[in-house]
Amino acid sequence: MEQQPIIEARNLSKSFGNFAAVQDVSFSIYQGDVYGFLGQNGAGKSTTMRMLLGLIFPDNGSVYIKGIHFNNNSRHLLKHVGAVIERPDLYKYLSGWDNLRMFAKLSGGKITNERLNEVLDVVGLKGREQDKVKGYSQGMKQRLGIAIAMVHNPDLLILDEPTNGLDPQGIYEMRLLIQRLSKDFGKTILISSHLLYEIEQMATRMIIIHKGKKVVEGDVKTLMAPAENLMQVRLQNNNAISAIRSSEWGDLLTYHEGDTYTFKMPQTDMPVLNEWLVSAGLGVLEIKSTHSLESYFLSLTNNEHAKAGAV
Amino acid sequence: MLRLELYKIFKRPRTYISFAIVTAIAMVIQLAMLADGKNFISFALQAVTEQFDIQGNILNGYLVAYIILQSLLVQIPLLIALVAGDVLAGEAGMGTLRLLLTKPQSRTKIVLVKFVASLCYALMLITWLAVVALGLSVLIFGEGDLINLKSDSFVVLLKHDIPWRYVAAFGFAALAMATVASLALLLSSFADNAIGPIMGTMGVIVVLMIFSTLELPIFAVIKKYLFTTHMIGWKGFFDDPVPYAAILRSATVLLAYTVAFVSITIFWFNRKDIKS
Numbered sequence: 019m020e021q022q023p024i025i026e027a028r029n030l031s032k033s034f035g036n037f038a039a040v041q042d043v044s045f046s047i048y049q050g051d052v053y054g055f056l057g058q059n060g061a062g063k064s065t066t067m068r069m070l071l072g073l074i075f076p077d078n079g080s081v082y083i084k085g086i087h088f089n090n091n092s093r094h095l096l097k098h099v100g101a102v103i104e105r106p107d108l109y110k111y112l113s114g115w116d117n118l119r120m121f122a123k124l125s126g127g128k129i130t131n132e133r134l135n136e137v138l139d140v141v142g143l144k145g146r147e148q149d150k151v152k153g154y155s156q157g158m159k160q161r162l163g164i165a166i167a168m169v170h171n172p173d174l175l176i177l178d179e180p181t182n183g184l185d186p187q188g189i190y191e192m193r194l195l196i197q198r199l200s201k202d203f204g205k206t207i208l209i210s211s212h213l214l215y216e217i218e219q220m221a222t223r224m225i226i227i228h229k230g231k232k233v234v235e236g237d238v239k240t241l242m243a244p245a246e247n248l249m250q251v252r253l254q255n256n257n258a259i260s261a262i263r264s265s266e267w268g269d270l271l272t273y274h275e276g277d278t279y280t281f282k283m284p285q286t287d288m289p290v291l292n293e294w295l296v297s298a299g300l301g302v303l304e305i306k307s308t309h310s311l312e313s314y315f316l317s318l319t320n321n322e323h324a325k326a327g328a329v
Numbered sequence: 010m011l012r013l014e015l016y017k018i019f020k021r022p023r024t025y026i027s028f029a030i031v032t033a034i035a036m037v038i039q040l041a042m043l044a045d046g047k048n049f050i051s052f053a054l055q056a057v058t059e060q061f062d063i064q065g066n067i068l069n070g071y072l073v074a075y076i077i078l079q080s081l082l083v084q085i086p087l088l089i090a091l092v093a094g095d096v097l098a099g100e101a102g103m104g105t106l107r108l109l110l111t112k113p114q115s116r117t118k119i120v121l122v123k124f125v126a127s128l129c130y131a132l133m134l135i136t137w138l139a140v141v142a143l144g145l146s147v148l149i150f151g152e153g154d155l156i157n158l159k160s161d162s163f164v165v166l167l168k169h170d171i172p173w174r175y176v177a178a179f180g181f182a183a184l185a186m187a188t189v190a191s192l193a194l195l196l197s198s199f200a201d202n203a204i205g206p207i208m209g210t211m212g213v214i215v216v217l218m219i220f221s222t223l224e225l226p227i228f229a230v231i232k233k234y235l236f237t238t239h240m241i242g243w244k245g246f247f248d249d250p251v252p253y254a255a256i257l258r259s260a261t262v263l264l265a266y267t268v269a270f271v272s273i274t275i276f277w278f279n280r281k282d283i284k285s
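For the record, the sequence lines run as chains A and B. Numbered by my numbering, the letters in the first sequence go through residues 19 to 329 in order. Numbered by my numbering, the letters in the second sequence go through residues 10 to 285 in order.
Next comes chain A alone, as it looks inside the complex (with noise of 0.2 angstroms):
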């Protein structure tokens, strides 16, 4: 028997006066899932995902939960899911405990002050709860809108940009934190970054989405394998867009910023290409293999870019 989302988004579209912010995005989260929600800012992913949770109504489209439609008068399957959108918004007059004490209490269920204790030492809260939230670090909030959001063991956890705002020492708890929920405590996580290695790191499926729409959606390990084939070159000539363009390498070329070019191709075409540059007089700095999902990344959103000639 096929297993059923515990999630799922079915043609979502949502436009904001003429800006179409999302359209006609499609995804379903499994049990156990790390999925991450790649896109650059502005590329619709905080939109799909107050779409999940009933924040923003689309305009199209459906989100099911477990399987069943969600909608105004379904909300009560968001107990089923814990979410911090954006940043960790808190009552800031209050303490850590007071302010993870009432969302529990409307997160459905009964919870005690045992589970309470229990997620604040999950995040590593304890011992700072009775202090004000105005006094906390943002990594503190983060970590205490996570708290909020697992208080009442939902299925899923959705995380938008959670590393938002976190110096490199809070980055790499956050990164730590994130893995052990989906390690030790089995819980199925949604989230978004628009730093990519995050996600290469941590999602085992993804979506990338770019301008409201999706781009691709899949496996990590599928959907890095084409990044193998990826070349980066560094040239020296100012004027060198033009004449690859005009070569048979134009096809290739999939991603340019300054000196440095981007081709799609097999990495044994390497030295056929090098030697085609350094008969071209484009006087090469250096090249490489690159392996990384950014490249991957630019080279599918700015593809159109590319094939358009704005490169």
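Do not take every clue at face value.
Stretch by stretch, here's where chain A covers chain B in the computed footprint (C-beta under 8 angstroms, at least three residues) [unchecked claim]:
#1 85 to 93
#2 99 to 108
#3 113 to 122
#4 250 to 262
Subject to a maximum C-alpha distance of 20 angstroms in a straight line, what follows is the list of computed EDC-like cross-link-like pairs (lysine to aspartate or glutamate) [said to hold, decoys possible]:
#5 A:231 x A:116
#6 A:110 x B:14
#7 A:150 x A:173
#8 A:144 x A:202
#9 B:284 x A:104
#10 B:281 x A:104
#11 B:20 x A:116
#12 A:128 x A:116
#13 B:20 x A:287
#14 A:128 x B:201
#15 A:282 x A:269
#16 A:110 x B:201
#17 A:232 x A:77
#18 B:284 x B:224
#19 B:284 x B:154
#20 B:20 x A:147
#21 B:159 x B:224
#22 B:47 x B:154
#23 A:150 x B:14
#24 B:281 x A:77
#25 A:128 x A:173
#26 A:150 x A:139
#27 A:306 x A:269
#28 A:144 x A:191
#29 A:123 x B:14
#30 B:284 x A:77
Since the hints were made in silico from the structure, they are not lab data. Backbone N, C-alpha and C define an ideal beta-carbon position, used for all residues, glycine too.
Chain B: place on chain A using the hints.
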């Protein structure tokens, strides 16, 4: 959920500003009456004393309380707006509304709970007003008959006939404040920061109050439909005989406005995209 909402309201220092303002205004008037009350009374009753012999404790707690209530006519609604205008928009501004709405609670319930919490706050403020304006005044100035001066007549209410009138007047005032709270809540649902709805509520009340009190023929037609006209219905309890029909009409209008404002808020909030 209501307990949580009240906890939030009464944990905020700004909530107590209203109580401090009411106390300050009441005490300033009481001090002024202590210092110069006799001259004020003899000046106010000048026309009356020419034809009537008035004896006894005229400058009593009931009279001072009545003067305080008259002067707080505009201020109290503004103080209600300070909290009720903040309950939705303030949370939107802080970003906590976003977190609140990710919880499995219906939006209608959230609006109703916030309205009832604002109402509780209004009732507490009215009760506090009763304590400082009436209780303290009676304590300082003692009891006595109340002379209610009107533009073309005056009413004398015997001291044993006064307490129930104050209870009824404060009850009516609570209803009027419910209308103010519901208006502030409605404006609060449209905005993403608290300043707009608070200022908006104050603006609407001040403008409509001007329409309600100006004796111009052009406003005569609309006057009876304005809720501000009916907010001063509490004064009827200090007439003799009490105009029960007019008071009931005013109470009905206020109740209708309250229900309408809350209903529109629920309708709007259930369709609102939370983008803050």
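Here's how the hints hold up against the structure:
| no. | hint | in the structure |
| --- | --- | --- |
| 1 | 85 to 93 | violated (count 0) |
| 2 | 99 to 108 | holds (count 5) |
| 3 | 113 to 122 | holds (count 4) |
| 4 | 250 to 262 | violated (count 0) |
| 5 | A:231 x A:116 | violated, 40 angstroms |
| 6 | A:110 x B:14 | holds, 15 angstroms |
| 7 | A:150 x A:173 | violated, 29 angstroms |
| 8 | A:144 x A:202 | holds, 19 angstroms |
| 9 | B:284 x A:104 | holds, 11 angstroms |
| 10 | B:281 x A:104 | holds, 19 angstroms |
| 11 | B:20 x A:116 | holds, 11 angstroms |
| 12 | A:128 x A:116 | holds, 16 angstroms |
| 13 | B:20 x A:287 | violated, 68 angstroms |
| 14 | A:128 x B:201 | violated, 32 angstroms |
| 15 | A:282 x A:269 | holds, 9 angstroms |
| 16 | A:110 x B:201 | holds, 18 angstroms |
| 17 | A:232 x A:77 | holds, 17 angstroms |
| 18 | B:284 x B:224 | violated, 45 angstroms |
| 19 | B:284 x B:154 | violated, 58 angstroms |
| 20 | B:20 x A:147 | holds, 17 angstroms |
| 21 | B:159 x B:224 | holds, 16 angstroms |
| 22 | B:47 x B:154 | holds, 15 angstroms |
| 23 | A:150 x B:14 | holds, 18 angstroms |
| 24 | B:281 x A:77 | holds, 13 angstroms |
| 25 | A:128 x A:173 | holds, 17 angstroms |
| 26 | A:150 x A:139 | holds, 18 angstroms |
| 27 | A:306 x A:269 | holds, 19 angstroms |
| 28 | A:144 x A:191 | holds, 15 angstroms |
| 29 | A:123 x B:14 | holds, 12 angstroms |
| 30 | B:284 x A:77 | holds, 15 angstroms |
Checked against the numbered hints above, the structure breaks hints 1, 4, 5, 7, 13, 14, 18, 19 and satisfies the rest.
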